[in-house]
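> Heads up: the protein sequence lines correspond to chains A and B, in order. With my numbering applied, the first sequence corresponds to residues 39 to 645, in that order. With my numbering applied, the second sequence corresponds to residues 46 to 327, in that order.
For the record, the hints were derived by calculation from the structure and aren't laboratory data. As the structure is a prediction and not an experimental result, all values here were calculated from the model. Glycine is no exception: its CB is placed at the ideal position from the N, C-alpha and C atoms. Just so you know, not all the hints are guaranteed correct.
[What the hints assert, rightly or not] Covered stretches of chain B (in silico footprint by chain A; criterion: 3 or more residues with CB under 8 Å from a CB of chain A, positions within the stretch not fixed):
1. 142-155
2. 164-173
3. 198-208
4. 254-261
5. 293-299
[To be verified] Away from chain B, derived, C-beta distances all over 12 Å, residues of chain A:
6. ASN303
7. PRO422
8. ALA536
9. LEU632
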Amino acid sequence: MSSWLDYTINGLIVGNVYALVAVGLALIFGVSRLINFAQGSIYLVGAYIGWVAVVRLHTPLPLTIIVVAAAAAMVGLIIERFGLRPLQNSVRIAPLLATIGISFVLDQLVMLTFSPNPRALPSQLPDVRFQLGGGTIGPLDLLIAGVGLTSALLLFVFLRYTKLGWAVRATAQDRDAAMQMGVDVNRVNQAVFGIAAALGGVSGMLVGMYYNQIDTAMSLQATLKGVVAEVVGGAGNVPGAVIGSLLLGLVESYGVAVFGTSYRNLFAFLLLVVVLVLRPSGLFASARQAPPEPLTGTFIAPSRPVRIPRWALLVAAAAFAVLPFFPVSSYVLQTLINAWLLGMLALSLTLVAGTMGQVSLGHAALLAIGAYTSALLSLTLAVPVGLAVIGGGLMSAALGTLLISPSFRLRGHYVSIATLAIGEIVSLVILNWESVTRGPIGISGIPPLSLFGYDLISPFSVYWFSFAVMLVLALLQGRLLGSHLGRSFRAIRDDDIAARAYGLSLNRYKSLAFIFGGFAAGVSGGIAAHLYSYINHETFNTQQSILALTVVILGGLGNVVGAIVGSVALVGLPELFRIAAEYRILIYGIVLLLLVRFRPQGLLGTI
Amino acid sequence: MAEQHAPMLSLRGLTRRFGGLTAVDAIDLDLGKGELVSIIGPNGAGKTTLFNLVTGLDRPDDGAVRFEGQDITGLSPERLAAEGIARTFQLGRVFGNLSVMDNVLIGAHTRLRAVKPTVPVIGPLLELGLALLRPASVRAEEERLREEVKAILARFGERLLPRIDQPAYSLSYANRRRVEIARALALRPRLLLLDEPTAGMNPTETAEMQGLVAELKAEGLTILLIEHKLEMVMRLSDRVIVMDEGKKIAEGPGEEVRGDPKVIEAYLGHGLSGTTEQESAA
């Protein structure tokens, strides 16, 4: 069984690469209780710096590694100093959102500088294979293993025998006590971010050489894999992260051997879900840990929502309702239709992330589920479009809630990881389940919107339809917030332990929030499918998830009116200023960062 | 002692270890209906851990908790809240972004009936539907609870009522403690656990709180109290239990316990002999 040995070697090599990312994540989590979502972006930056060094500057390999490590460490230091340090004393959601924003800004910058097309990254090593037992091993495999082992050794020596290393370990154990003993926590953070970034950057370069290809999609994959490995090993546990990475590499490699390459990520996700369900504190955490410390701070920024008088809302709604009677171009109407569709998604996300405190990074998956369900219902079962859209909403509510349910017992960052993974998996399933979703070809010829047998084709009718649906969803959500469920959701967000002590079941109420939110997002996706008439697995992508998140932060977490105002602003303003599409996501990322830093409660305040 | 009838709460050999530290070490305790028992002891004696074990926030490694004759060891906090056990937290865990009214209404959550039908499987969906539709029965229930919350808040004089719509994060420390107690009362508890209700309060505020706890006791509520202010403990308690390093070192009427040499040593001796305090389990 020579191939099995090959798969094992491949798994261990890939695992070694994941380890470089995961160890950085574990170090950062250790000292600052933060999952650094920008770790994958640093990995991406590392890969492209490696490309510049190898292809343009023709540096020899050892110098390439040094250049990449140094440049990536620089990026890490900048992130720590300007992105995170100013947020040290802010609410817990702020650094989480900041690393998400930084990650999008970095990815976009790389994409704008180097174009999104894949590039080849030659390995600079002789292309020979050595026989090893029944399998083969190449010089690059050895290099990766060598880099992995050397880094592990250096890190061990650093943590164990240097003063700064002691400070890092002390801070990880008890940040407050370390500070009182005179440890400069800022320096510790700096050191940790620098090391994590250097490891991440080198890892990106090695992976680029291993597959002889780099592209901007690597970033998200790396974050996802690194975090899975880290969670498997136990958050903040450095040796655990290494073992978790090797395990992840092997699981993936064997999975690929049995089922094929396109299922690689599915195994990473399954491993994550299994670990989260069975051992949420990781494979190597002691079985019984001390109960979580009471957290006195709140998750979201305390603020009083801006009170908008009812008449003003009525006037605004009426103005938008009669807008098509005025001589406005269909371009304006089209832009607003997009805003209403985004508004529905933002309503969903503001409920889940704002009211319930579950920051979802894979919300576009709910759009996709709704869109595919509605499209397939109307195409293959000839269900009337109006009912099909509702069916899409219901499917999104049911499936979305089911998929996210393993993460209900987790907090903050882990929910974001789980939703990110679920978003990836949904698009993967859509791509691979060809008998139902038609795979990469996508679904075309989706019938247009219709209501009671009348097709809605003119911009006017589509405008009114989407506006009315959004308005109904907004009113329902407002009503929900005013009920006992609204206060229950917010209580769980503010302090889940106190909420449980007063009889609130986390599973029950998180499910209800995702059911309601999933419905709104699914309806939005369903309507979009019938508007576009063609959808594929890339129609609903991470770009929409991050856009919705920015909208929600802009409007104010949990704020229904804010979600709509934010949607109109973020869809309308780029159109108004004619900003090219490729710069938009960069701008959303920057807006997100600025908001987190300067106005965390958003325009209209959190609720 | 509650000699006449079976105890409402009884702990037998309750033990919780954290690594090498035994935070709660084979504690036995009986609490009769209507009794007020105080638990005192130096910081790190395991008092709060004991509360966590009784309210389901932590699971014991050993031993049993019985409440009204039922074994409730290791049940979830949600279940125990439904059984009528309410607690306040040492550090004051109010819901920061919720108004005073909403904070206290959460206390009444286990008493919602009209909006929370006890139907299996589709119960949560019915709850969502009823919350959106709000038929008359649901509105009436909500209205009734709101009136009740106002009545509870009125027990704190003018401290909370004028601030009923303010978010809890804007309240003073003492007022947050009051909101916590109001929230616990809204559950209509059969057993109330108060974890240092007067921590951080000035003498006037402490006297007020003492008056309120005395009232609750007079109304027949069964109370387990953790408190450092000994004068309050002596005035209110039927019995006092002294814990040190996870163990029960004394139990009895206040005056008797106060003179116990072991208790005096626990409070003074460690400091003098320089033993390290285990703050982590406080």
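> Next step is simple, just say for each hint if it's right about the structure.
Hint-by-hint comparison with the structure:
no., hint, in the structure
1, 142-155, "holds (count 9)"
2, 164-173, "holds (count 4)"
3, 198-208, "violated (count 0)"
4, 254-261, "violated (count 0)"
5, 293-299, "violated (count 0)"
6, ASN303, "holds (31 Å)"
7, PRO422, "holds (24 Å)"
8, ALA536, "violated (4 Å)"
9, LEU632, "holds (23 Å)"
When held up to the earlier numbered hints, the structure conflicts with 3, 4, 5, 8 and fits the remainder.
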